[in-house]
Structures are given as C-alpha cells and as structure tokens.
Amino acid sequence: MLSFEGVYKTFASGDKQVEALENINMKIEASEFAVIVGPSGCGKSTLLQIAAGLEHPTAGKAFLNGVEITSPGADRGMVFQAYTLFPWLTVEDNVAFGPRQKKLPEIEVQERVNRYLEVTGLLKFTKLYPKALSGGMKQRVAIARALANDPQVLLMDEPFGALDAQTRVVMQELLLQVWETNHKTVLFITHDIDEAILLADTVHVMSRQPGSIKKTLSIPLERPRDHSLTLSPEFISLKKEIVELIWEESKAAAQEF
Amino acid sequence: MNQNKQPIQNNYMKTTNHELHAWQLASLVLIAFVWCLLTFGIKINPVFLPSPLAVAGAFKELWQEGVLLPYTLISLYRVLIGFFAAAIIAIPLGIMMATNKKTEGFFAPFIGFVRYLPVSALIPLMILYFGIGDFEKMAVIFVGTFFQLVLMVQDTVGTVPGDLLKAAYTLGADGSAIYTKVLLPASMPGIMDNLRICIGWAWTYLVIAELVAANSGLGFMILRSQRFLQTDRIFAGLIIIGCLGMLTDYLFKTLSKVFFPWYERLGQ
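Top line first, the protein sequences correspond to chains A and B. If you count the first sequence from 1, position 254 lands on 254 in our numbering, and the numbers rise without skipping. If you count the second sequence from 1, position 232 lands on 1232 in our numbering, and the numbers rise without skipping.
Among the hints, a few may not be true.
Said to hold, decoys possible - Simulated pairs of lysine-lysine, DSSO-like, Cα-Cα distance not exceeding 30 Å:
hint, chain 1, residue 1, chain 2, residue 2
1, A, Lys-16, B, Lys-1166
2, A, Lys-239, A, Lys-251
3, A, Lys-124, B, Lys-1166
4, B, Lys-1253, A, Lys-103
5, B, Lys-1253, A, Lys-131
6, A, Lys-131, B, Lys-1060
7, B, Lys-1101, A, Lys-127
8, A, Lys-61, B, Lys-1101
No lab work stands behind these hints, which were simulated from the structure alone.
Taking the hints into account, I'd like the entire structure generated from these sequences.
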C-alpha cells in the first residue's frame, strides 16, 4: 500500500516561495490502479516524484507498506513522459538493467526480459538500439523495463503524453492488458480525462496550484476494459463529472494570472 | 527535439555520399591547381613557395638523410604520451567535477586560471624545469591540453539528461553504478569528441615546443630548414603534420562509429 500523509511541498523560486502541494492525504491499496488528473502545473508530477523518492516533501510523509519513503529504490518502478531509455543499450539490455542491478542469475534475467518483451509485443526488436524505435515503441520498452524489475508499485508520469492520439489509444489498451496479467499497484498521472477513466479503479482529481486532492472518485466500470467503453453512457457521465471539476480549476487558475 | 533538428538533417540528406566525395576531391584538385599555377606558371620565387616537384625532392632528401621517419616518430611519440597522460587524469577529474560540487569548488579556480595562460609563455619555465628533452615536450603538451580537456569533459558529463539518472535510480542503481553504468557510457561519445579536438591542439603545442628548443622532431626540422632558406623542407614538414592530423581525426571518428553505434549525431 502506498500512502501520503499530510504532504506539503514548497519550492524556492528566486526569493519567492512557491507552494506546489498542500496537505495531500491519499491511500492507494495493493493492486489498485490509481490515476491522478489535474490541470497543468498543479503539482501532480511533484507528488509522483515524492512517491519515487526523487523529491522530498517539505512537510508530511509518504509511505510504502508502512515504511517511510526517503530515497529512490527498485521497489518503486517509474515510467517517465520523456524518453529515458539508455541509448547505449539495446532493447533487451535496457529491460535487463534493473534485474542485473539486483544481481539476479543471468538465466532469470533472460527469463524476465523475454517475459516482459513478449507482454509488450517487443520480441522482434530485442537487438535494436532506442534510436531505431518510434516514440510508442520507446514507451513500451520503458514499461517493460520498469516491470522486469518486479516493483511493488509502478509510478507512471504522463507516459503517453508525448505520443500521437492513435498511438496513445494503442498504448492504453496495451497497458490495460498488461495490468490484467499482474494487477500491479499503479499510480498514474495524466491530464487526459478519457485516459484516467479508462485505466483507473480510482481517480483523484487535483485542484490548481497549490495542488490538493479536490475529489476522489471510484470508477466502477467492469474489467477487462477496452476503448469501446469510452462511448458508453456510464463512461460519459463519469467524464462529465470530472470535466466539470477540472474546468472549475482551470478557469479559476486562468483568472488568477 | 526531433522536429528541431529536422531542417539541418534534411540539408545533409540531400547530399549523397558520391556528391560529398566529389566535393572533397574538387577541393584537393583546386589546391593542387593553384599551387602548380603559382609555381610552374607564374614562377613565384621558390624561397616563398617551392613547386610540388621541389617539395617531393625535399621528401626524398629527408628520407635519404635518414631523418624523415625518426623525426616523425619522435614527434608522434611526444604527442601521444603527453596527450595520453593528460587524458588519463583529465577524464576522471572532469567527471568528478561535473558530479561533485566540492570537487568542482576545489579545482575550478586553479584550472580556470591556468587555462588562460598561453602555453608558449610557459615554455621557458618548462625548459628551466625539465631541460629540452622529450619530457619537456610532453610536459608542454600536457599543460596545453589537460586544463582544456578537464573543462570539456566536465561540460560533456553535465549534459547527460537528468531523467536518465532518475530512471536509473528508480531501477535500483546506486552510487557507483550511476557512474559506471550511466554517466560514463552516456558521455563516452562526447568525451571521444573532446579528445579528438584536444589532440589537434596537442600537435600545435608540440611544434611550438620543438620550434623553441629541440634537437629532433618535425618542429625542429622546420626551424632548421628556415635558417637555411630550405622552404621546400618546411613544406614537407607542414604536409606531414597536416596529414598526421587528418589521420588522427579520421581514426577518432572511425573509432567513435565502431564503439558507439547507438549514438545519434546530427546529420546522420
């Protein structure tokens, strides 16, 4: 279980203090797919970085299974929006990076690499360098790389944000399929409301800066899901609710400037 | 990012390999033509510009006197050892300075100071300390390239994207693995480029050192030829230095392609 207790984050910007996060209290149960949506600049990425241990809260704490998160670790895998594959490693060596850091026996490393390359549909591309891959392929490898490390939580920071609309749909369905096979605990960040509803068990809507959790909705749509769901009445009514919440925030934020 | 570099790449793409070689050949032919025109045609004073034939003759004489190969080899030896010594210390130091504020704080002021001292101004000091032998030449090359190289390596390592490091941390990489598994491989192609540029300066400093005080080497040969107005020999020396430079450059570029097939360069 991943939890945030009274998390605040303040950045110093020149001689001004910018409050990014304000009193975040949140629990993500094991095997839950949690999505955070919010207007841009609401601090949702900062929250994820705190969960990863890459940022430290100014006040409050984040916990994984009751243990305070103080530094990055292999138990929290992360997929970034920017392409972060190691360009000097082939696809298979990228995926093997985490298991090799753990010094697993090479047979097990290969076994994991093959399993996750298969799950993400990359078996034909094992020997390629990242420069030969499209954006969508790179993110597939990034997902396989994070999963091959068998983390307790998968943190995803707008992983499909840089992809074109069609590729994004393909990747969302791929992620759903992968998730059905392992039911990892996922904390996923996006500003795409369709994406949030399609993927999530729970959607946390964040307010504008300083970001706090404005509302938490559970998404009772049946699984396994695919894109046809986005046209169903239940989906659309959920979407309406979230869109209104976010519009309030975006408009208010726009007026403040 | 991909969109940004597209226009530059397109310009390169329009030029095929054949066209590129044609242009390279054209430049050599033009130089040869102008040289022949000035010497055989206009018959410019050979003290200023000897003809291609005279220079070829100088090569032959130097070979027969038994100095051509030994002088080239001794110069090459000085450059390689001096430069190798500089590189072997500058690379780790540059990496440390890029990643550790304290190391940077400790070394940066001194390096920033020495870097701006002209190497030629340090040669008298080097002669005083080390005499005029091989060691002094290597010391000149070391001083000339080391401080530049440290800063270049520091810069190169500093451009490794922070997201790559973050990704490595979340995959369980720790202190030493971050250096050996991420920072070093990520900056190797850039460091190779730094070395390629610096070794060019190493040649310059060597010739300066050999011009000031030496009893062997290509710079020494050039200076002695000047005293006897043997301009053809000066040109022979210059051609050797230029060719060695081009060869080194080519070697570095080829090694880069062989060792770093994954590297994305502009225009490839």
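Hints, verified against the model:
1. A:Lys-16 <-> B:Lys-1166: holds, 27 Å
2. A:Lys-239 <-> A:Lys-251: Cα-Cα ~18 Å, so holds.
3. A:Lys-124 <-> B:Lys-1166: Answer holds: A:Lys-124 to B:Lys-1166 is near 28 Å, not above 30 Å.
4. B:Lys-1253 <-> A:Lys-103: Violated, at roughly 35 Å.
5. B:Lys-1253 <-> A:Lys-131: holds, 19 Å
6. A:Lys-131 <-> B:Lys-1060: violated, 50 Å
7. B:Lys-1101 <-> A:Lys-127: With Cα atoms ~38 Å apart, B:Lys-1101 and A:Lys-127 exceed 30 Å; violated.
8. A:Lys-61 <-> B:Lys-1101: holds, 28 Å
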